[in-house]
Amino acid sequence: MSNHRALQMFGRSGNPALNADTFGNSVKPSPSGIQSTSSDTMTLEGTVNKTGILLALVVLSASWTWNMFFESGNPATVMPIAFGGAIVGFILALVTIFKKQWAGTTAPLYAIAEGLFLGAISGIFEMQYPGIVIQAVGLTLGTLASLLFLYKTGIVKPTENFRLMITSATMGIGLLYLVSMLMNMFGSGGIGFIHSNGLFGIGFSLFVVAIAALNLVLDFDFIEQGSEMNAPKYMEWFGAFSLMVTLIWLYLEMLRLLAKLRSR
Amino acid sequence: MDANTLIFGSMTVISLAIFFYLGQFKASTKQTERDDRISWSERNFSIGKILLYSLVLIGGIVLVSQFL
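Same order as they appear, the protein sequences are chains F and S.
According to the numbering used here, the residues represented by the first sequence are 1 to 264, in order.
According to the numbering used here, the residues represented by the second sequence are 1 to 68, in order.
Because the hints were derived from the structure by calculation, they are not lab data.
Treat the numbers as computed from the prediction; the structure is a model and nothing was measured.
We put the beta carbon where it would ideally sit given N, CA and C, even for glycine.
Hints are supplied without guarantee of correctness; some may be wrong.
Taking beta-carbon pairs under 8 Å as the criterion, some of the chain F residues facing chain S (in silico) [unchecked claim]:
id: 1; residue: Glu45
id: 2; residue: Leu144
id: 3; residue: Thr159
id: 4; residue: Met171
id: 5; residue: Gly172
id: 6; residue: Gly187
id: 7; residue: Phe193
Can you build the whole structure from these sequences, using the hints too?
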């Protein structure tokens, strides 16, 4: 689990992908007098629709490993597929970040690969804590809708300092998970408080959930500006991909937080 | 269907509906017409600064964990 999370951290586009070159090489300047059409430029509607497609793909592939797990009742049957999905998803995320033009192909494949991982992990959590998956899904999507409302109405206003803070915190969390993963690999048990169900462990999970949620605001702003700046059509897939990476991270952190609370 | 599924299932459906509806509209002018917007076409801070801040955060978290 921590292995995947570290991979997510460094592969996620919520921040590392949304860098100085995000629009730098892709925005089409509109020559004066020529009206750009929505058929060749990024739109909000197109990005939302593509996010819907990616969500559907995640759910479809997740239901496959979920069913496979509950039919066998043995985690060992799904773990190879789950970790295969996580590794392939990580590679596809990197490809998408560095080759945004390919997002139309790589983003759906990423969603399928991550779905395989999420289905298996969710099944394991559900067996241990019945009802936890629907709680995590509801809270994740509830956060998405709430923050979208706060962003659209201008209540939450992302600035450069906000971006610096969230990017730094995301990188810090990623480094902590990476160190914990390396410590686990060398048999020293990882960083205890990350996984503990004590007050500090729960506080840490709450902090990570908050940072993951605030990354959504950066994603919304990036998508909004992309459509304002007439970014090319493939950036719709990239925007949807970026949102999906953040949502998957948020969902996994919600699952961990709820599991910690229920294990007390 | 138990209460847990009903409550969180409804939350899921309502949230998705809000996302697909609201997502299609432009943000308010309060959001789009301000001087301190993020400029996604340029970077106003270095990777070194981000790394420094993240290391300070890690240090802070590890320090607090020692006292609790």
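Given hint F/Phe193 near chain S, where the shortest CB pair must fall under 8 Å
For F/Phe193, the interface hint holds, since the closest Cβ of chain S sits about 5 Å away, which is under 8 Å.
Are F/Leu144 and chain S close enough, Cβ to Cβ, to be under 8 Å, as the hint says?
Since chain S brings a Cβ to about 6 Å from F/Leu144, closer than 8 Å, the hint holds.
At a threshold of 8 Å, is the proposed contact between F/Thr159 and chain S supported by beta-carbon distances?
Cβ of F/Thr159 sits 5 Å from chain S, so the hint holds.
Tell me if F/Gly187 is really an interface residue toward chain S, meaning its C-beta lies closer than 8 Å to one of theirs.
It is violated, given that the least Cβ distance between F/Gly187 and chain S is near 20 Å, above 8 Å.
Restraint: F/Gly172 near chain S, CB-CB cut 8 Å. Satisfied or not?
holds, 4 Å
Do the numbers back the hint for F/Glu45, that is, is its least Cβ distance to chain S under 8 Å?
Nearest chain S Cβ about 5 Å off; hint holds.
Against chain S, is F/Met171 within 8 Å by beta-carbon distance?
With a minimum Cβ separation of about 4 Å from chain S (threshold 8 Å), the hint on F/Met171 holds.
Violated hint: 6 only; the structure is consistent with all others.
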